[in-house]
Structures are given as C-alpha cells and as structure tokens.
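Student: Residue strings, one per chain:
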Amino acid sequence: MGILTKIFGSHASVQQLPAGTVTVDQQGRIVTSTVSSSFPESLLQAIGGDVLALFREARAGQMPLSQVSLHFGSLRITARELRGGAIIFMFPQTALSQPPTPARS
Amino acid sequence: MDTRHKILILDDDADWLALCRDQFAALPSHPEIFTAGNAKRALALLETEKIRLLISDLKMPRIDGLQMLAIVRRRFPATRTVVLSGLEDEDYRSRAYALGVDLFWLKTEMQRNAKLFSECVESLLGQSDRDGDTGFRGLQSKSLMDIIQMECLSRTSTVLRVTRGPLVARLWIQDGELIDAECEGARGEAAFYRLLAWKTGAFENLPAESGRERTIQKPVNALLLESAQTLDESAHPGTEPDSVESSLHRQTMWKLAQLTREGAEFVVGVPLAGGEAEALGAQNVAALAQWTRRAAEITRRLGERLEAGPLSHVAGQSMERQTVMLVRGDRAFLVGWPAESSENLAEKSRKLVASWES
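One line per chain: the protein sequences are Z and G, in this order.
Take 1 as the starting number for the first sequence in my numbering and just add one per residue.
Take 1 as the starting number for the second sequence in my numbering and just add one per residue.
So that you can see chain G by itself, here it is in the shape it has in the complex (with noise of 0.2 angstroms):
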C-alpha cells in the first residue's frame, strides 16, 4: 500500500504546474503530486484521493483561490492548504489567513527561496492530523511569556511579530534582551504590558533591527515576573469590594479610551446564546442588541445557503450615523460611527473589539 502523502497543486497556467510538479516531487518524503487546472477538478480529486496538502494559486476564472479555500476548509476540515500567489497585496493575505490557510507564500518568493519554500511545504506534510500518530504541531500550547523568554534564552536577536486578529504588536529583542515594544498604540513597558493582557495570537520572527533605540531598561524576566502579578490580580480582584470595584473601573476605563481615541460613537456586544449584553455609549442598548443578535443569526443562515465563505462583516448606513457589525467567537459586536466617517470603518471596528476583548 502506498503510503507516501498526496499534494494537489490548483492553478490555470500549465507551465506552472509542470514546474510545480517537479518541484514537490523531489520533496524528500518523495509525494504523490496530483495537477489541477481548475476548481471543480481540484474538487473532483478531493473528494476521491485522500489528499494531505492543497496547493492554490488565488486568480483562476471562474472559481478564484479564495472561494475554493473557503469550500476546502468546510468540506475538507483536514487537509493542508497553501496560497501560492503571484498577486502581492497585503489583503488577499490576510483574507487568506482569515479562511484558516496554513501558508500564503509569493510565487516570486518560491523562485527565490525555493528551498525554504519545499521546507515549509515538507514540514506541513509531516504535520500529524487528528487522527495521525506521528510529529508535533506548532507552539498553541505555549503561552506569549514562554515565546519571549525562550527567545531571551537564546540570546538571539529578532523582531517578533505578534498578531492578534487585525492587531499587530512588535517586540524587538537585542542579544537576547528586550529593548523595546509597540502595541495598540503604546510603547516601551507599558506597550509590553498590554501585549501579554492578549489571551491567543499568532507570532513570527522577523529580522532583527540593530539601530532600535531602547526603551526598556528592566531585565525581561522582572517585566514578565511583575505582568504575570498584574495578570494574576486583575483575574482574581480579590473579595474585597474596593478590589473589585477597582478593577471593573480601570477595565471599563480602558474600553472608554478605546473608544474615544478610534472616534466611534456606540460598541454593543451581545453573547450569541443569549444573556446580557455589553455596551458603552448606547441609550438604546437592549434594541441594539436584539438587532445585533438577529443580523448575526441571518447573515450566518445565509452565507451558509450560499457557500459564500465566513462572514466579514454587516454595514449599515442611516442618516444620523454608520454601523458594522461583526462576530468574534461567540459574540456579536455592533460598533456605530459618526455619520460622516469615510475611513475603512470595517477594518477600524475590527481592531476596536479586539481591543475591547483584550
């Protein structure tokens, strides 16, 4: 029985895929390599080989990489999904990581880096699926401290990239030390601090800057020593009423800055289950919420009927202001702007309910 992992390569331009299937053949774990020129025959092979690893390209007539990505991911839950593009924009990435890809790499990047790119490639293979017995998958168990100060210990020096939905934080280490921080518009320790308030996230060394100028000052395992405290306390205020008195302040403090420095006018969030809703600067919060709940549940039974992939998000447009809405886990959000805004409001709630979740 043939054992070796099945990589299936999606894209219109043959040549392409003449070279591809050179390319993945001479991977060491030597895969069976499948070819498709469009969608439906992608879908075709899905559904009679077991493939481990679909390779996309996303500009294809009729059915393009992003919807097939999206119909991948629902029907095909385990298989590894790569974006081969040649289309360099920042978007169709992070609208291809928002579909749940494991890679998006450059086409002009995998010429250059060929070997790295196989390397990727043959480390998604090796990755054991649910029901595999074999290899060990990423760091989702490893919390940021952990990442930071295995980082330190290695006395390396690296730019780490931390992102969390739309927002993006930056810890730049210097041999092995910490010397500055970014986070939601923050910097130094109080940018460190808020970073490691972040329950989950994705990270990514990037290369390191040596004209940095320092920040932080404080060894990297005092700052970590003193958030973990403020961590701890602010998880577990204590029974005093003043504690938690003080506590729920400071958070609804922070929500309120939020929204005051991204200009919004209204956030409600609502638990999609039921129960009580959250909102600050709404008068009519409970018809909000209604509304918020049931947009949430339409939109999901709709975009489901029509396999047009994961909402985004619901815009609505009045004449006394402007809405998004969005779902996060298990809340809905609704976010409401001043009539008059015109930057990218969808983009500018998304990071407003991250922060607020944070």
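With the rest of the complex left out, here is chain Z (with noise of 0.2 angstroms):
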C-alpha cells in the first residue's frame, strides 16, 4: 500500500500558470480570453482587478501608465490599457524562455 501511494496516491497539486491573453472591462469583468478553461476563472478575475488596479492608482498618483509588466520567477504578465479596462498577456517563464525583457510599444 505504501508503494502504491509513493506511485499513484500523491496528494500534492501543482497548479499550472496562466499563459494566453485575457482582456477585461472597466469593471474588471472578462471579456474575452485564450486561457485554458482549466485554469480557474476566479484567479483569471484577481489578475484582471489587480492590473486595473495598478493603473488605477497611478492615474491617481499622477503618473498615468500605459503599460505595466509583472515579472514574477515563473510568469510574466503584460498588461496594456485599453480604455479603462486592459488586454492582458501572460507568459509562463520556463528555464527554455528567454530573460524578460520590458516590452516596447
């Protein structure tokens, strides 16, 4: 039984990166998206509000952004300002990708 468990019984759940594009409203709700349906909606949201937030903020503080990337050690997330609301690319960083890079418009 303990062998069966090592082999088949894990517990542990790994859960994969967003990679695709996403684009979301003012109201920070999706409008369209190539993210794979298996990659829960809910986090897609939270990815959505916080970016809006980011531009949100510094339109406040007087530094308006018309692009902002978040490098992470495993993902990288592009987002641009559409409007008020934003399209949103995300980039998975594997050890094959290359280094990140601030993207030019």
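Hints in this document: simulated from the structure, not taken from any laboratory.
We put the CB at the ideal spot given by N, CA and C, even for glycine.
Take every hint as true, because none was put in to throw you off.
Chain Z residues, not near chain G, derived (Cβ > 10 angstroms throughout):
#	residue
1	25
2	30
3	35
4	38
5	41
Computed spacing ranges between beta-carbons, pair by pair:
#	chain 1	residue 1	chain 2	residue 2	range
6	Z	82	G	21	48 to 56 angstroms
7	Z	40	G	226	57 to 65 angstroms
8	Z	40	G	16	29 to 37 angstroms
9	Z	82	G	305	22 to 30 angstroms
10	G	78	Z	56	40 to 48 angstroms
Starting from the two chains in their separate frames, assemble the complex, guided by the hints.
Tutor: Written out as structure tokens, the structure reads:
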C-alpha cells in the first residue's frame, strides 16, 4: 500500500501557470480569453482586477501608465491599458524562455 | 531505523537519472536515492519522504525546474536544493540563486569534476538543519574583514569575488598581499573601502591571476584599520551638528552621483510597513511613494495566489518615462528612467538600489 501511495496516491497539487491573453473591461469583467478553461476563472478575474488597480492608482498618483509588466520568478504578466480596461498577456517563464525584457510600444 | 540521508534527483532523462543514482549511491555517507522523471512525482515524494537534498534539472516539460524550485523553497524550506543543468547561461544561474538554491552546477562540469561535485553534495548533506545537532554551516557569522584577513594570513594567491545582489566586486590577493580591488566602478583603495561598506553578500574564490597590475600599496591591515575607523565614524557621527550634517551630506552626494552615473531620473524608497519615504530627483514624492507601496502589496498578493515565485520587478511605461518597481527586504523602490532608455532597466535599477542601500 505504501508503494502504491508513493506512485499513485499523491496529494500534491501543482497549479498550472496561466498562459494566453485576456481582455477585461473597466469593471474588471473578462471580455475575451485564450487561457485554458482548466485555469480557474476566479484567478483570472483576480489578475484582471489587480492590473486595473495598478493602472487606476498610477493615474491617481499623477503617473498614468500605458503598460505595466509584472515579472515573477516563473510568470510574466504584461498589460496594456485599453480605455479603462486592459489587455493582459501571460507568459509562463520556463528555463527555456528568453530572459524577461521590457516590452516596447 | 534507517538514519541515512535521502536524496531526490529530478530529471526527465531516464539515462541521466540512472547515472546520477549510481554516482550518489557511492557517496561515503551512503544516502538513500530517490528519482523522479517529472515535478509532480517529485512533489509526491517530497511529501511522503523526508528528503534532505533535491537535485533538479531546469529544462523539463510542463513544470520546469525554476517553478519546481520556487514551490520547494516555500513548501519544504528545510530541503537543500541543487540545480544540475545543461544550460550554460549566466542568467539561469542568477535566477536559480535568486530562488535560493544552495548550489548550481553544470552537467558537463559534473562529469569533468565528479569528485568535487560529490564532495559538495556530501557537504550539503552534512549541514545541520534547524533542529539538527551536527555540523557547521558556512561563514555567515564572519564579516568581510574576517574573510579577507583569513585569506591574507594563509599567504595564498587568489581572486576573491564578492557579490551583493546584482553588485559584483573583486579583490586580487597575491601571496597573502592585497594588490588590487574593483567595486562599483571604482578601483584600488577606493574600491576596497567601498566594498567594506557592504553589510551582506556572498563570496567565492577564483583562480589567482598572476599578471594583475598592482594598484594597492598599503598593507592590508592598515587598510582594514582605516576602513574600520571610517565605518565607525559614519555609524556614530558624533553629537556635533557639523559632524552629523557632513555625514548626511556625504551620503546624499554619493546617492546623487550614482543616480547621475546610471542615467536615472529619480529613486523613491518606501518602507513597506509604513513610514517616511526617501527620494532623490522626484517631484511628487508622496503620490509616487503611495503607488509604490500599493504596487508592492498587490503584486505580493497576486504572486502568492498564482504560485508564480518571487517578484522580480514591475516595469511601467508611460509617454514621459519608464519606471521599475522592485522590493528589497522590507522596502520597495521605484526608479524612474527616461522614456527613450532601451537598456536592461530592471538590471540597472537593481544595481542602483543595491548600491543606494550600501
């Protein structure tokens, strides 16, 4: 039983990183998405909401941003402002990915 | 009860796994070897076995080594980690060390220096964890001054490479004498003094360079003494207003010089727990500080939810300028750059902030 547990009975769960593009409107609702449907929608909405908050607070701080890129150890999220909403690109950073570089408009 | 240490090797190449299994099984401490062909299987083993050391490849399908290491660092902090990769790229080495791996080794190097690699692995196995009771770990309690003195007392010839985040400094020691130094764009005695102001970092010994030009003539003990006095004076500037003002002025001038040399427009530093922001070159400091603090909070929360590993930085772009936000310890920094800057601004910001802090 111990051996079977080791081979098959893992309780470890690894969350896949999102890959694809999402557009969100001004209220943070997802308008279009190319991210796999197996990725939780609540997390996609969280990403959209956080990105919009970054744009909104930058505007409030008199530093309006047209683009923002979040570089995590294994994921890069690049978002462009779209009239209050945003288009968000998500790139998992694998060992074979190019090192992150700032995107130019 | 079997008290042998357990090593887990993660690689998608079955032949390589077999080769590693044989090599590590032959270590003097006879560790128990586990192998996994993918990250999911490795995580299952980490949950069921008390794995002492994880040796992981980087290039793997689905979940790669970097993502795996980020997960292991968080879920199994007591597990030592070694990257054994075929990717000869300094960037991957930096990214792996940034994730907190104990050792990064190339597969080709492992084959060439199998004995040395085995000794490194054996050493990692022998290091005690928090509740362990054997062995000593590293030189954390030693200052850079202690390390330099030890190198000089041993009368060896070496190049001491010291790193502090993205900053790199080198000391050339020839037959126990310090002959040259390089640090943050300075050379000679100035570089040596600058380096000794670093409070933390890592070091490694590189092979000696016999033809290195000598720029430092003073004995190392005299330099260390002078440096200790300077550091002491800046840490305790005295009670005279002139002395305090002069010390603050020196620090401000140094930071301004760094800002100008790198070509940045401004730097804003904010304590994450709240408190007064420190800024140079910025006009709307309060608003920038507030955004920096909020951005740090939002990205930390998002990174945790997505299990995406530690935040490297946040790059922003507007018509007027580009910005880079990064977190170091308990402070977040926002660095502003001209809109037309095209070099690697994240790396330049990292260096600027690291230098700013020292």
